[in-house]
Amino acid sequence: MKTQHGTLFSRRFSTPVLIGVLLMLLAVLGACTGVAPADTLPAAEEVAAPEATAVPSEEAAAADDTPAEAFVGDGELSALDPGARNGYYTEPPAMTIDPTAYYYATIVTDKGDIKLQLFADRAPKTVNNFVFLANQGFYDNTTFHRVLDGFMAQAGDPTGTGAGGPGYQFEDEFAPGLGFDRPGLLAMANSGPGTNGSQFFITFAPTDWLNNRHTIFGEVVEGSEVLSSITLRDPSVDTNVPGDLIQTIVIEEGSESLVPTPTPLPPTPTPFPPTNMEQADDRPLAAVPVEERSNYFNTAPEMVIDADKSYSALITTSQGDMTLELFADVAPIAVNNFVVLSNLGFYDGMLINQVMPEQVVIVGSPLNSPDSDAGYGFEAELDLPNVPATGSVAYIPFQNSTLASSSQLLFALVDPPATANISYSFFGKITEGLDVLAALTGEDTIDAIVIEESE
36 MKTQHGTLFS RRFSTPVLIG VLLMLLAVLG ACTGVAPADT LPAAEEVAAP
86 EATAVPSEEA AAADDTPAEA FVGDGELSAL DPGARNGYYT EPPAMTIDPT
136 AYYYATIVTD KGDIKLQLFA DRAPKTVNNF VFLANQGFYD NTTFHRVLDG
186 FMAQAGDPTG TGAGGPGYQF EDEFAPGLGF DRPGLLAMAN SGPGTNGSQF
236 FITFAPTDWL NNRHTIFGEV VEGSEVLSSI TLRDPSVDTN VPGDLIQTIV
286 IEEGSESLVP TPTPLPPTPT PFPPTNMEQA DDRPLAAVPV EERSNYFNTA
336 PEMVIDADKS YSALITTSQG DMTLELFADV APIAVNNFVV LSNLGFYDGM
386 LINQVMPEQV VIVGSPLNSP DSDAGYGFEA ELDLPNVPAT GSVAYIPFQN
436 STLASSSQLL FALVDPPATA NISYSFFGKI TEGLDVLAAL TGEDTIDAIV
486 IEESE
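My numbering applies: residue 36 is where the sequence shown begins, and numbers increase by one.
A portion of the hints provided could be inaccurate.
What the hints assert, rightly or not - Between beta-carbon pairs, the in silico distance windows are:
| # | residue 1 | residue 2 | range |
| --- | --- | --- | --- |
| 1 | N421 | S292 | 33 to 39 Å |
| 2 | I457 | D243 | 16 to 22 Å |
| 3 | E287 | E414 | 37 to 43 Å |
| 4 | E326 | D470 | 29 to 35 Å |
| 5 | V422 | E326 | 47 to 53 Å |
| 6 | S263 | V285 | 29 to 35 Å |
| 7 | A474 | T266 | 20 to 26 Å |
| 8 | E478 | A453 | 41 to 47 Å |
| 9 | V365 | D450 | 15 to 21 Å |
| 10 | T266 | P324 | 40 to 46 Å |
| 11 | E337 | T266 | 28 to 34 Å |
These are calculated hints, taken from the structure and not from any lab test. Heads up, the beta-carbon is just placed ideally off N, CA and C, and yes, glycines get one too.
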């Protein structure tokens with residue numbers, strides 16, 4: 036993906052402390068995106084408010100104008116005229132959902148129902164906000180106010196103008212491996228970074244220029260034909276065309292995912308057992324083009340390593356070899372994930388994604404983009420007892436989440452502060468070849484990563 040700065044992994048940072056660089060990296064990758072025409076951006080103009088818990092504003096709470104023949108549900112706001120809900124709250128809702136649970140939202144429209152699965156694991160704050168507003172009846176009797184052919188259907192504004200919202204704003208959540216690569220994705224409309232409120236949209240087609248500009252938090256699982264039938268409406272051209280009505284949005288919690296596996300490829304990494312270097316001949320992903328390894332899986336691998344044994348990795352690069360000691364005793368989940376992907380040949384032939392001189396080296400994104408990894412997130416161990424140092428390696432965490440990227444790694448070129456362990460799972464350390472690590476550039480490749488197991 037190209038931007039005015041090149042690929043999203045092309046920017047350079049000058050912050051002298053590593054943890055600051057890492058936090059900046061997550062923030063800037065969310066904001067550093069290409070320029071697109073105004074009619075291809077879901078826009079929302081909302082007024083910011085303090086953040087804490089959802090509290091009605093005094094002025095909005097006084098309104099109680101029930102429209103005739105309107106749907107009235109159980110939500111606190113359902114009986115209010117939609118316009119009276121604008122700015123009703125002053126603060127975002129407290130977290131009440133379980134990020135590990137499955138949530139579904141059914142948008143009941145005058146054309147039929149659209150059912151979506153919500154990505155609580157990858158965008159917990161956004162899903163929590165959507166669930167709260169839906170349960171409160173905030174979306175009842177609102178409309179799809181902006182529907183553009185071949186692009187998206189936008190809704191969630193109680194005023195129907197594109198400028199309304201709940202009265203507060205909250206931050207974006209961008210998850211590696213999750214991009215606008217297909218139709219039917221549910222995402223937040225905004226007026227810039229950190230301006231999410233109530234407005235959302237559902238895509239009609241792939242829209243990769245929106246990657247890392249809009250939080251994706253769900254996907255259509257039923258009712259695609261209803262989505263396709265929504266009346267086209269461009270408020271900048273003709274405001275006389277009425278938007279299709281959303282009667283209500285019903286939230287459910289379930290026990291399984293309804294989202295189909297995105298590709299016909301294996302749904303989980305085959306748990307290849309750890310091998311010695313001379314035995315690591317069967318590396319099936321090494322034969323798969325690097326770009327096709329992006330989002331190859333959707334679930335973390337089974338545990339195959341023995342935490343009582345020792346593991347190391349020989350990382351062969353175009354600059355030379357490095358030996359990586361793996362901390363299986365304190366970070367078995369993180370090490371197991373690395374061992375499985377390495378033995379599958381996932382990293383073989385992959386370019387170095389980013390080098391920040393004297394700061395950090397980033398690898399593990401097949402498409403050289405922050406939204407590209409092996410395809411899943413997992414709970415990597417945090418707050419480990421080992422002190423991170425030059426040569427330490429960690430998974431890049433998802434923004435505003437306890438999950439880490441399945442394959443994106445950072446190697447420290449300086450000593451990180453000990454407090455970095457709070458947010459980053461440093462599961463290994465380069466013990467030989469620090470000079471090779473320091474010499475790597477964005478033109479270099481990882482030729483292979485071979486795992487060694489010992490007593």
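Check your understanding: Per the hint of 37 to 43 Å, is the separation of the Cβ atoms of E287 and E414 within bounds?
Key -> This hint is violated: roughly 25 Å between Cβ atoms.
**Study point:** Verdict for V365, D450 (Cβ pair) under range 15 to 21 Å
**Key:** For D450 against V365, whose Cβ atoms are near 19 Å apart, the range 15 to 21 Å holds.
Review point. In this structure, is the beta-carbon distance linking I457 and D243 contained in 16 to 22 Å?
Key: violated (33 Å)
Practice item. Given the hint of 20 to 26 Å, check if A474 and T266 actually sit that far apart at their C-beta atoms. Key: violated (59 Å)
Point to revise | P324 and T266 - C-beta distance against the hinted 40 to 46 Å | key: holds (42 Å)
Practice item. Can you let me know if the beta-carbon spacing of E326 and D470 is within 29 to 35 Å? Key: holds (30 Å)
Check your understanding: When you take the CB atoms of E337 and T266, is the distance between them in 28 to 34 Å?
Key -> Given a distance of about 48 Å, which is not inside 28 to 34 Å, the answer is violated.
Practice item. Using the Cβ atoms, figure out if V422 sits within 47 to 53 Å of E326. Key: For E326 against V422, whose Cβ atoms are near 37 Å apart, the range 47 to 53 Å is violated.
Point to revise | Assessment of proposed distance window 41 to 47 Å (beta carbons of E478, A453) | key: Cβ of E478 to Cβ of A453: about 33 Å, so the range 41 to 47 Å is violated.
Check your understanding: Do the Cβ positions of N421 and S292 conform to the proposed distance bound of 33 to 39 Å?
Key -> With Cβ atoms ~35 Å apart, the hint holds.
Review point. Is 29 to 35 Å right for how far apart the beta carbons of S263 and V285 are?
Key: At 21 Å between Cβs, range violated.
Going down the numbered hints, you'll see the structure goes against 2, 3, 5, 6, 7, 8, 11, while the others check out.
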